[in-house]
Amino acid sequence: MSHFIQTLISERFNLFNAILQHIEISLVALVIAIIIAVPIAISVLNHKKIAYVITQFAGVLQTIPSLALLGLLIPFVGIGQVPAVIALVVYAILPIFQNTYIGLTSIDPSLDEAANAFGMTKFEKLTKVQLPIALPTIIAGIRQALVMIIGTATLAALIGAGGLGNLILLGIDRNDNTLTIIGAIAAALLAIIFSALIYVLQKGKLRYSILALLLIVAIPVGNGIYQAVQPKQTTITIAGKLGSEPDILINMYKELIEAKNSNTKVILKPNFGQTSFLFNALKAKQIDIYPEFTGTVLESLVKVPKGQRDTGISPERLYGYAKKDLKNQFDLDYLPPMKYNNTYSIIVTKAFADKYHLKNISDLRNIESQLHAGFDLEFLNRADGYKGLQEKYGLSVTSQSVDAALRYEALRSGKVNVIDGFSTDSQIRQYNFVELKDNHHLFPVYQGAPLVSATFAKENPEIVDTLNALAGKITDDEMREMNYQVNVKGKSPAVVARNFLVTHHLLGANEK
Amino acid sequence: MTETLIKLDNISKIYQDKTVVSNLSLDVQAGEILVLVGSSGSGKTTTLKMVNQLITQTEGNVLFKGKNVNEYKLRDLRLQIGYVLQQIALFPNMTVAQNISLIPEMKKQSKAEINKMVDDLLREVDLDPVNYRNRMPNELSGGEQQRIGILRAFAANQDVVLMDEPFSALDPILRSQLQVLVKKIHQQFGTTIIFVTHDMDEALRLGDRIAVMRHGQILQVDTPEEIVKNPANTFVSEMFANSMAQDVFGVYLSRLELLGYLDDQDTSTPLGDLDTNSTVGEAIKLLAQHDVITITTKNSGLKVLSKAQLFKFISEFQDM
Chain A
1 MSHFIQTLIS
11 ERFNLFNAIL
21 QHIEISLVAL
31 VIAIIIAVPI
41 AISVLNHKKI
51 AYVITQFAGV
61 LQTIPSLALL
71 GLLIPFVGIG
81 QVPAVIALVV
91 YAILPIFQNT
101 YIGLTSIDPS
111 LDEAANAFGM
121 TKFEKLTKVQ
131 LPIALPTIIA
141 GIRQALVMII
151 GTATLAALIG
161 AGGLGNLILL
171 GIDRNDNTLT
181 IIGAIAAALL
191 AIIFSALIYV
201 LQKGKLRYSI
211 LALLLIVAIP
221 VGNGIYQAVQ
231 PKQTTITIAG
241 KLGSEPDILI
251 NMYKELIEAK
261 NSNTKVILKP
271 NFGQTSFLFN
281 ALKAKQIDIY
291 PEFTGTVLES
301 LVKVPKGQRD
311 TGISPERLYG
321 YAKKDLKNQF
331 DLDYLPPMKY
341 NNTYSIIVTK
351 AFADKYHLKN
361 ISDLRNIESQ
371 LHAGFDLEFL
381 NRADGYKGLQ
391 EKYGLSVTSQ
401 SVDAALRYEA
411 LRSGKVNVID
421 GFSTDSQIRQ
431 YNFVELKDNH
441 HLFPVYQGAP
451 LVSATFAKEN
461 PEIVDTLNAL
471 AGKITDDEMR
481 EMNYQVNVKG
491 KSPAVVARNF
501 LVTHHLLGAN
511 EK
Chain B
1 MTETLIKLDN
11 ISKIYQDKTV
21 VSNLSLDVQA
31 GEILVLVGSS
41 GSGKTTTLKM
51 VNQLITQTEG
61 NVLFKGKNVN
71 EYKLRDLRLQ
81 IGYVLQQIAL
91 FPNMTVAQNI
101 SLIPEMKKQS
111 KAEINKMVDD
121 LLREVDLDPV
131 NYRNRMPNEL
141 SGGEQQRIGI
151 LRAFAANQDV
161 VLMDEPFSAL
171 DPILRSQLQV
181 LVKKIHQQFG
191 TTIIFVTHDM
201 DEALRLGDRI
211 AVMRHGQILQ
221 VDTPEEIVKN
231 PANTFVSEMF
241 ANSMAQDVFG
251 VYLSRLELLG
261 YLDDQDTSTP
271 LGDLDTNSTV
281 GEAIKLLAQH
291 DVITITTKNS
301 GLKVLSKAQL
311 FKFISEFQDM
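Which chain is which? The protein sequence lines are A and B, in order. Residue numbers for the first sequence follow the UniProt record's numbering, so the first one is 1 and each next one is one higher. Residue numbers for the second sequence follow the UniProt record's numbering, so the first one is 1 and each next one is one higher.
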């Protein structure tokens, strides 16, 4: 419990921001869904067949898994809040449309006759009779939609839209259940509170409800207008993948850039999602810079010409390939990498290593029969993962797939005795685990380096210079320590980043 | 003296292959209560709804104040015509006061004027404004609801009010009370009323003139007296006879008047306070003590009923 409260206190700003983002995404989606669904329902009132077709169509949309829908939207609208809102709107349309249609069509026909006989115009009939009578049914649909939206919006974090999903994903990534629980509880509370709020509004007068609704829309819209008309400095948007390491790195970029270029403002988008989201966002110029690994570039982003994948290539040549391919294939500029190599590593406990005198991965062959491996699903299927272990090391072990975030816990609790991990993972430091040496050079080199568009690099040579200050800096140990500080000690990535820069004289202590 | 407010000129309504109203012509005089009476399927409601164009005629013309209804904007036409439904159809989202104020508001009358009018009308139907103004329709009894339904139709001082079987769903006591209310409001405002019913008794009690309908045509339009005395055909006379109460004690004295059992008043002083809404049963009680009693009639002032005439009616009742 005390850990819960401690986390709550240390993460309060994150939580607060996440809640605000969550509310914003949810309400904007809800309002758009209302604006779409209610008029459609009204306009098909006298067209039963069309209404039926629309209901079926909206029903089909709703059966698309939310994750798939988010993925499908990326090629069209990129990443961030726009696709998140679109996906949420798609889900919210059905309950709102259906309830509006049912509410309006189930009104006693004699009331319709009376309204006609009194000479009401269609609009008067709609506003004075039909909508007020159908309102409770419509509101019920809106509440249903809202609860669904608030729940689904947690997935929006996967495509960089922020919100409470960020906390949940961070919690999973840091193996910190408390953070996940806080995110989940906050989302549930939001759903309950807003559902109750709508209920209260429904009891009030129609005009107050409309006023409240307008106010809710006005806040994000007003914010958007404010952002748009605000006098612009040069702003650079830097994003990072999910996790502490990219978060620390982009904070370093920010510190350095803002210190050296006084009229430049850096906007950070930490925990922005996964590789493909960030890469697409960079190509679409939604972000300017993000740190990427050399290994990832060659593995997943570029088409690699034959012969490039020879094993035992030096890190320098690997970087050279990555830089050349990115330039040729995507017109991107890949700046020089930092020192540390965040590649796959094979990890065992200290006691286990001592007992069997394990130093290198090849040492595992001697105790093959006693190994229970817990490997991440991706590792299990990659050529440079478990398949490589089998080929290069002749290693064949009983293994089960364990979620990346849970591997260390599985190792610590003794459920498995060998796992895959990444060399800069803070848990290695935290639990004093042992990393076995890749003595046959199976794992590719994963060095982090800033990725920018070629145009950006050309137009901002001073920024490129600034970022290059980090080239060749930061060792495996230093990175692991910084991850430890953030993930385990709960320090903010900004503070950890700044400390590193100051202690390594990359930034003067008084510089801002 | 009388002017024609509404003229139905040779109208027909044909649905696909079914003729509901055929070649019907009817003049409605300003200030009268005209009752359209007929069994279900006779076309009376269809005829009524063609006046405010809820149903448009297939053939023929409807004239309102001498002008073809086609020449009015639909809204303008309907704002001059009140409407009372059998289903009452008070708007459930509005209070009693809001329901009554609806049409005056649509006609842009002033708020103060409307508020005063609502209070006056509520008092008129014995509903305390303080108590009833802000009630919702579902907090009213059926009889109260239809009272509000009637007030809503009359509130905007319409030229004509159409009433489509407004009391059919109510019990006999309520029906009788509301019939009295309609007569009262009619006298007060002089509003022209077209009233649809399948109940001949109701037609006889309310109608200045009665139009008897069958198979989409009017068989006879006349005053109640004429219809009773000179029915156009056996259908009309049978319809009249069938409507009479089965129990002789329950027959209204208006029947006796229509059938000619009441005599003109002689010089004797008025006796008793019976009117044509009283029944034979009440008359018998009073006649036990007197030879002759006086009856107040709606059209021809005081008339008298003698023991001899009552006995004659009762003895002839079997054969009617």
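No lab work stands behind these hints, which were simulated from the structure alone. A quick note: this is a predicted structure, and the numbers were derived from the prediction, not measured. It is possible that some hints are incorrect.
Stated by the list, open to error - DSBU-like, lysine-lysine: derived pairs with alpha carbons at most 35 Å apart:
#1 B:Lys116 - A:Lys203
#2 A:Lys203 - B:Lys65
#3 A:Lys125 - B:Lys65
#4 B:Lys285 - A:Lys122
Claimed, not checked - Sample of chain B residues at the chain A side, in silico, Cβ under 8 Å:
#5 Arg78
#6 Leu85
#7 Gln87
#8 Ala89
#9 Ser110
#10 Ile114
All C-beta atoms in this analysis are idealised placements derived from N, C-alpha and C, irrespective of residue type, glycine included.
Comparing the hints with the structure gives:
1. B:Lys116 - A:Lys203: holds, 29 Å
2. A:Lys203 - B:Lys65: violated, 46 Å
3. A:Lys125 - B:Lys65: holds, 27 Å
4. B:Lys285 - A:Lys122: violated, 58 Å
5. Arg78: The hint holds - arginine 78 (chain B) has a Cβ within 8 Å of chain A, the shortest such distance being about 3 Å.
6. Leu85: Leucine 85 (chain B) check passes; min Cβ-Cβ to chain A is 6 Å, inside 8 Å.
7. Gln87: This interface hint holds because 4 Å falls under the 8 Å limit.
8. Ala89: holds, 4 Å
9. Ser110: violated, 19 Å
10. Ile114: Not OK, violated: isoleucine 114 (chain B) not within 8 Å of chain A, min 15 Å.
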